[in-house]
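Student: Chains E and R supply the protein sequences, listed in that same order.
The first sequence lines up with residues 1 to 215 when you count with full-length UniProt numbering.
The second sequence lines up with residues 1 to 926 when you count with full-length UniProt numbering.
A few of these clues could be false.
What the hints assert, rightly or not - Distance condition first, Cα-Cα at most 25 angstroms in a straight line; then the derived DMTMM-like pairs of lysine to aspartate or glutamate:
{"id": "1", "chain 1": "E", "residue 1": "Lys194", "chain 2": "R", "residue 2": "Glu22"}
{"id": "2", "chain 1": "E", "residue 1": "Lys194", "chain 2": "R", "residue 2": "Glu29"}
{"id": "3", "chain 1": "E", "residue 1": "Lys96", "chain 2": "R", "residue 2": "Glu529"}
{"id": "4", "chain 1": "E", "residue 1": "Lys194", "chain 2": "R", "residue 2": "Glu43"}
{"id": "5", "chain 1": "R", "residue 1": "Lys318", "chain 2": "E", "residue 2": "Glu162"}
{"id": "6", "chain 1": "R", "residue 1": "Lys536", "chain 2": "R", "residue 2": "Glu526"}
{"id": "7", "chain 1": "R", "residue 1": "Lys356", "chain 2": "R", "residue 2": "Glu223"}
{"id": "8", "chain 1": "R", "residue 1": "Lys518", "chain 2": "R", "residue 2": "Glu488"}
{"id": "9", "chain 1": "E", "residue 1": "Lys194", "chain 2": "R", "residue 2": "Asp15"}
{"id": "10", "chain 1": "E", "residue 1": "Lys194", "chain 2": "R", "residue 2": "Glu834"}
{"id": "11", "chain 1": "E", "residue 1": "Lys194", "chain 2": "E", "residue 2": "Glu162"}
{"id": "12", "chain 1": "E", "residue 1": "Lys96", "chain 2": "R", "residue 2": "Asp330"}
{"id": "13", "chain 1": "R", "residue 1": "Lys318", "chain 2": "E", "residue 2": "Glu154"}
{"id": "14", "chain 1": "R", "residue 1": "Lys318", "chain 2": "R", "residue 2": "Glu78"}
{"id": "15", "chain 1": "E", "residue 1": "Lys194", "chain 2": "R", "residue 2": "Glu44"}
{"id": "16", "chain 1": "R", "residue 1": "Lys657", "chain 2": "R", "residue 2": "Glu625"}
{"id": "17", "chain 1": "E", "residue 1": "Lys194", "chain 2": "R", "residue 2": "Glu19"}
{"id": "18", "chain 1": "R", "residue 1": "Lys356", "chain 2": "R", "residue 2": "Glu529"}
{"id": "19", "chain 1": "R", "residue 1": "Lys356", "chain 2": "R", "residue 2": "Glu319"}
{"id": "20", "chain 1": "E", "residue 1": "Lys96", "chain 2": "R", "residue 2": "Glu840"}
{"id": "21", "chain 1": "R", "residue 1": "Lys473", "chain 2": "R", "residue 2": "Glu529"}
{"id": "22", "chain 1": "E", "residue 1": "Lys194", "chain 2": "R", "residue 2": "Glu223"}
{"id": "23", "chain 1": "R", "residue 1": "Lys128", "chain 2": "E", "residue 2": "Glu162"}
{"id": "24", "chain 1": "E", "residue 1": "Lys194", "chain 2": "R", "residue 2": "Glu681"}
{"id": "25", "chain 1": "R", "residue 1": "Lys666", "chain 2": "R", "residue 2": "Glu677"}
{"id": "26", "chain 1": "R", "residue 1": "Lys473", "chain 2": "R", "residue 2": "Asp516"}
{"id": "27", "chain 1": "E", "residue 1": "Lys82", "chain 2": "R", "residue 2": "Glu78"}
{"id": "28", "chain 1": "R", "residue 1": "Lys325", "chain 2": "E", "residue 2": "Asp63"}
{"id": "29", "chain 1": "E", "residue 1": "Lys96", "chain 2": "E", "residue 2": "Asp63"}
{"id": "30", "chain 1": "R", "residue 1": "Lys356", "chain 2": "R", "residue 2": "Asp316"}
{"id": "31", "chain 1": "E", "residue 1": "Lys82", "chain 2": "R", "residue 2": "Glu22"}
{"id": "32", "chain 1": "R", "residue 1": "Lys318", "chain 2": "R", "residue 2": "Glu216"}
{"id": "33", "chain 1": "R", "residue 1": "Lys356", "chain 2": "R", "residue 2": "Asp330"}
{"id": "34", "chain 1": "E", "residue 1": "Lys96", "chain 2": "E", "residue 2": "Glu71"}
Worth flagging that the hints you see were computed from the coordinates, not collected in a lab.
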Amino acid sequence: MNQLSTADSSSNATDPWSATVAAACDGSRQAQSRLFADLRSYLRSRAAAGLDPHLQVKVSPSDLVQETLMEAYQSFERFEGKTRAELLVWLQGILKHRLLTAQRKFHKAEKRSLRREVHIDQAQASGSRWAVTDNERTSPSGQVMANEERERLETAMTRLPERQEQAVRLRNELRLSFEEVGKVLGCSAGAAQKLWSRAIERLAEELTDEESSHS
Amino acid sequence: MKSRAIHDDVKTAADPPHELCEMLVAYDEHGPLDAWQESELPEELRQRFAVDRHCLDLLHRAWPAEPPPEPDPASPRELGDFRIVREIGRGGMGIVYEAEQLSLGRRVALKVLPFAAVLDANQLLRFKNEAQAAASLHREGIVPVYAVGCDRGVHYYAMQLIEGQTLAEWIADQRHAIGSSQGGKQVSLSADTAPVAELETKKTQASSNSVRRAAELAAEAAESLEYAHEQGIVHRDIKPSNLLVDSRGRAWITDFGLARVEANPALTASGDMLGTLRYMSPEQATGKATDVNHRADVYGLGAALYEMLILRPVHDAKERGRLLKQIADDEPSGLRSLNFQVPIDLETIVLKSLAKDPVDRYDTAGAMAADLRRFLAGNEISARRPGLIERAKRWLRRRPHVAMSLAAIIAVLLIASTVATAISRQSQRDTAAALTSADANFDLAMKAIDRAVKTGEDDGINRQEEMLQDAAKLYRQLVPPVSTTPRELTNKERTFHQRRSEVLYRLAALQRQRGDYKVAEQTAREAIEAGQGLVKRDPGDPAAARILAVGYNSLGDVYYKSMHYVEAEHVYSAGLPVVYAAREMPDALVETEAWLLGGLARVHWVFNRHEQAEDAFSVALKAEERLLSGADRDSTALSNHAGTLNDYAMLLHNQGKRHEAIIHLKQAVALELEAREVAPENTSIPLFLHHHLCLLAREYNSAGDDQACLDTCQLIATNLPRKLRSYSSAAEFGSYTLEHLKQAKSLPAGKLAEHQAQVRIWLAEAVVAPEFEPEFLHRHVGLLTQSPDSITYDPQTAVTLGKRLVRTRPEVARFWTMLALAHTRSGDPAAATEAIARAEGATQDADSDTDLLIVRTLICQASGDVEQAKACYQELAAWRSEHEHQMEDSEWHLRLVAELDGIFADLETSSATAGTIKQHHHEVAP
Numbered sequence: 001m002n003q004l005s006t007a008d009s010s011s012n013a014t015d016p017w018s019a020t021v022a023a024a025c026d027g028s029r030q031a032q033s034r035l036f037a038d039l040r041s042y043l044r045s046r047a048a049a050g051l052d053p054h055l056q057v058k059v060s061p062s063d064l065v066q067e068t069l070m071e072a073y074q075s076f077e078r079f080e081g082k083t084r085a086e087l088l089v090w091l092q093g094i095l096k097h098r099l100l101t102a103q104r105k106f107h108k109a110e111k112r113s114l115r116r117e118v119h120i121d122q123a124q125a126s127g128s129r130w131a132v133t134d135n136e137r138t139s140p141s142g143q144v145m146a147n148e149e150r151e152r153l154e155t156a157m158t159r160l161p162e163r164q165e166q167a168v169r170l171r172n173e174l175r176l177s178f179e180e181v182g183k184v185l186g187c188s189a190g191a192a193q194k195l196w197s198r199a200i201e202r203l204a205e206e207l208t209d210e211e212s213s214h215s
Numbered sequence: 001m002k003s004r005a006i007h008d009d010v011k012t013a014a015d016p017p018h019e020l021c022e023m024l025v026a027y028d029e030h031g032p033l034d035a036w037q038e039s040e041l042p043e044e045l046r047q048r049f050a051v052d053r054h055c056l057d058l059l060h061r062a063w064p065a066e067p068p069p070e071p072d073p074a075s076p077r078e079l080g081d082f083r084i085v086r087e088i089g090r091g092g093m094g095i096v097y098e099a100e101q102l103s104l105g106r107r108v109a110l111k112v113l114p115f116a117a118v119l120d121a122n123q124l125l126r127f128k129n130e131a132q133a134a135a136s137l138h139r140e141g142i143v144p145v146y147a148v149g150c151d152r153g154v155h156y157y158a159m160q161l162i163e164g165q166t167l168a169e170w171i172a173d174q175r176h177a178i179g180s181s182q183g184g185k186q187v188s189l190s191a192d193t194a195p196v197a198e199l200e201t202k203k204t205q206a207s208s209n210s211v212r213r214a215a216e217l218a219a220e221a222a223e224s225l226e227y228a229h230e231q232g233i234v235h236r237d238i239k240p241s242n243l244l245v246d247s248r249g250r251a252w253i254t255d256f257g258l259a260r261v262e263a264n265p266a267l268t269a270s271g272d273m274l275g276t277l278r279y280m281s282p283e284q285a286t287g288k289a290t291d292v293n294h295r296a297d298v299y300g301l302g303a304a305l306y307e308m309l310i311l312r313p314v315h316d317a318k319e320r321g322r323l324l325k326q327i328a329d330d331e332p333s334g335l336r337s338l339n340f341q342v343p344i345d346l347e348t349i350v351l352k353s354l355a356k357d358p359v360d361r362y363d364t365a366g367a368m369a370a371d372l373r374r375f376l377a378g379n380e381i382s383a384r385r386p387g388l389i390e391r392a393k394r395w396l397r398r399r400p401h402v403a404m405s406l407a408a409i410i411a412v413l414l415i416a417s418t419v420a421t422a423i424s425r426q427s428q429r430d431t432a433a434a435l436t437s438a439d440a441n442f443d444l445a446m447k448a449i450d451r452a453v454k455t456g457e458d459d460g461i462n463r464q465e466e467m468l469q470d471a472a473k474l475y476r477q478l479v480p481p482v483s484t485t486p487r488e489l490t491n492k493e494r495t496f497h498q499r500r501s502e503v504l505y506r507l508a509a510l511q512r513q514r515g516d517y518k519v520a521e522q523t524a525r526e527a528i529e530a531g532q533g534l535v536k537r538d539p540g541d542p543a544a545a546r547i548l549a550v551g552y553n554s555l556g557d558v559y560y561k562s563m564h565y566v567e568a569e570h571v572y573s574a575g576l577p578v579v580y581a582a583r584e585m586p587d588a589l590v591e592t593e594a595w596l597l598g599g600l601a602r603v604h605w606v607f608n609r610h611e612q613a614e615d616a617f618s619v620a621l622k623a624e625e626r627l628l629s630g631a632d633r634d635s636t637a638l639s640n641h642a643g644t645l646n647d648y649a650m651l652l653h654n655q656g657k658r659h660e661a662i663i664h665l666k667q668a669v670a671l672e673l674e675a676r677e678v679a680p681e682n683t684s685i686p687l688f689l690h691h692h693l694c695l696l697a698r699e700y701n702s703a704g705d706d707q708a709c710l711d712t713c714q715l716i717a718t719n720l721p722r723k724l725r726s727y728s729s730a731a732e733f734g735s736y737t738l739e740h741l742k743q744a745k746s747l748p749a750g751k752l753a754e755h756q757a758q759v760r761i762w763l764a765e766a767v768v769a770p771e772f773e774p775e776f777l778h779r780h781v782g783l784l785t786q787s788p789d790s791i792t793y794d795p796q797t798a799v800t801l802g803k804r805l806v807r808t809r810p811e812v813a814r815f816w817t818m819l820a821l822a823h824t825r826s827g828d829p830a831a832a833t834e835a836i837a838r839a840e841g842a843t844q845d846a847d848s849d850t851d852l853l854i855v856r857t858l859i860c861q862a863s864g865d866v867e868q869a870k871a872c873y874q875e876l877a878a879w880r881s882e883h884e885h886q887m888e889d890s891e892w893h894l895r896l897v898a899e900l901d902g903i904f905a906d907l908e909t910s911s912a913t914a915g916t917i918k919q920h921h922h923e924v925a926p
């Protein structure tokens, strides 16, 4: 948290997005939309990672992102940062809250099952904590990819450890500086660089593995 | 299934060399490097870099660097030709600004769509087309659209600025004016206070003046709508907030063309969209998009007029699901009962425009306008009120699944209305006459309702609730023949009330299971009210007592489930004296007694009044036994009895009365098996059976009865309910027992190996089970990490499963602790330490201190930090002796503590504290 509040001004000066973020803070719907459109797919991957796999049958990560962005639109004046990294941290906070609400809603696990619902039950006891959902899943990225290459990339990405995937997405999809990547991930810029390099090596490995297994 | 890599970043994998790292960052930032830069890399890294480069190229192709957008112009904000002056309104679907059109220098209302980023290209295109079509409408009464446009990603819609207010604001003002002059007094609507209510109404409701005003505004709006419809444009979202009244008092319709965008379900899902939903026609609300035509606008206008007249919406549910149901099913309450100033003709017009089926509404908005004009001029209107038969037909048309004869429906409605009219006239003679004619039809009506309920039963749970609700509604309208002597209950009355009570009871239970406690409470209260009326007339009548007591039980269950234990106790207790006041105790009443006592016992338990809980349980059990003493034992009674035994056994377990618990659980298993035989189609019984068996295995295991425990495990494995394919419990208790047997050496080696093989199979089955509930997974990881000499020990699998566990529920501390243990066991103390740190930061279940201490001790031990390990162990021992009485130790705990005792037995300093732990352990696992 401390790291965020001490965002140094020197990095802001070179941040090509700072004007857009400032406009968004001024209430420009256009700037807000532009920023959100950009961060959407990253948030989606966070939602997918944070959601209980068997809950994904009931709640789609896209819906959660949608709700998150709606809430963000309605309360943008509460955002206090200056950079995209801070915006991302703020949005992740809202998303996390949405995730918890969704989980809580569907996991009303009772610690002791005392009272039973016997008298009625010709029908299924569908609320039972024993309920086991079938192995249905939404596809890893949910959206239709334009080309095969991109699809291959997305598949390989899902095989990275979570933080490595995050680092690559932040750096290459959102084009954040390493400083900002560090802020989102809660580490220094140097550590973010190392993490990212490791991720690239790992990703390269995954991609070649897959290539060789294909041919 | 995709699996995450096991080794996460930071500490485990080796960092790439510094040079390579820099090279990658530079390449990512600046693209292709000069050849000389690359040649600076050592030979072996050059190879690696070449591979990584391809990967980066791929990333760059996938996400090309886009130039960041042009900075936004600073305020005053401008959009295209418009300069925003101030915000004048904010709705679910955008913000409305007052703005200036720069080229023409005129004031406009500018509506900005805030959701551009969440709409896809198709939706935006549709919005544009619709808005452009709407812009072609030119008529007084329709707010003209000046421009539709998009400026740098912001979509907007410029309209004429109307000075005035929306009807929604007008209605709110009226409501406020009445509220303040009356001190917020509510109008009482119950029938018996009707005269009083009428007096109140006179003061509270809209005056006859404003009734006329509302009709005029509606007529104007209807004429405007007619014009739009003639141009082929349907509004689709007519509601008070889209109707404006200007300063001259003229009505205007606004927001043509926006409805298409608003109908996007993803957008309407959020709470503030309910406003749109509330005025939707049934065909829109039920998603029959193809049926939506100009008659949906007629409905919307009718709904707006309705609200203007009585100052509350046609449908008032606060929650989306209920609201949709109301729109689809509930007939609007009559206007005149809420505001007697509304003339009957106006009521007829409103109700016709609100008909559920579009074909029953006005054919055109023009026809509605004409009727409103006729009404205003004092002429005869064209609309006719639907007769009884017409109403019955409509009711039936909306419920094609009801296999009810039309005649029966009509009978129901006939009886309801004739009797109700007669009673309302309060003439003894008329009532008697109506009753006589009703009497013959009464049986027919009852049969019809019964059949409807049965139809619902066959159709599954959703239909069931719907049908029960319909039945409850019909019972409410149906008045049973009353005997001439007021105190005594006739047989017909008894049957009627019994059936009704049953319907309400089942309805309340379904609502409760759905978690809709508010509605369930209302249903239960309706049952209680009916029961109280009967008991007052004849307190000794067993049927009346049963009806009232069942009502109390329903309400108690609702309170119990919603965790209002004090209220639950109060209500259950109120039911018992009713039961005991009856002249006889037929089975039905005994059953009710058992329910109430069982409920009461559980409440006592919640409040830790164990003795009282035991007393209540044993009386309940005796009652249940009485019910099963006959030859014909039905599955519900059997399964009920098993359930009470099960709960009683859990209470006994908590008090350490293990052998008594075993006796009761064995009995529960036997009863549930019998129930399953009687009713093999019931899918709940196998789940209950599984539950009893798991508890029984636990009891046998801790009692040290190895053979019995193994047998029970076998039963668990062979009786898995279809819905639950987890063998985890069988594997768990089976493995414990095997270890006992191994230690005791009481089995021949061959026999032991046979059992071991069996347990291994269960274990393997459990791991491949498709999806684990987190709680099951948690226990299973515990099983895999138990102790190195257990046959279930498998730290590698434990780490994999543990990671899955924390990934699905990262907020639960216990789960992180479990992962830490798995890491410790697999020889990775660093990863374990990290997991422990996460456990300490987790938000849920932060009270699992013992787990944390145990695992921390093990980590220190594993990483060779003996001093620290000792300190942790002593802290643990101290904590345990301090909390000895509150401990509810699981086998998992006990085993780990025993293991620690073993480790630290050599340490002289800790022998004293270790002793206390050992003692505790031996008591459980001899």
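Student: Tell me the numbers of any earlier hints that the structure contravenes, in ascending order.
Tutor: 3, 5, 8, 12, 13, 14, 18, 22, 23, 24, 31 and 32
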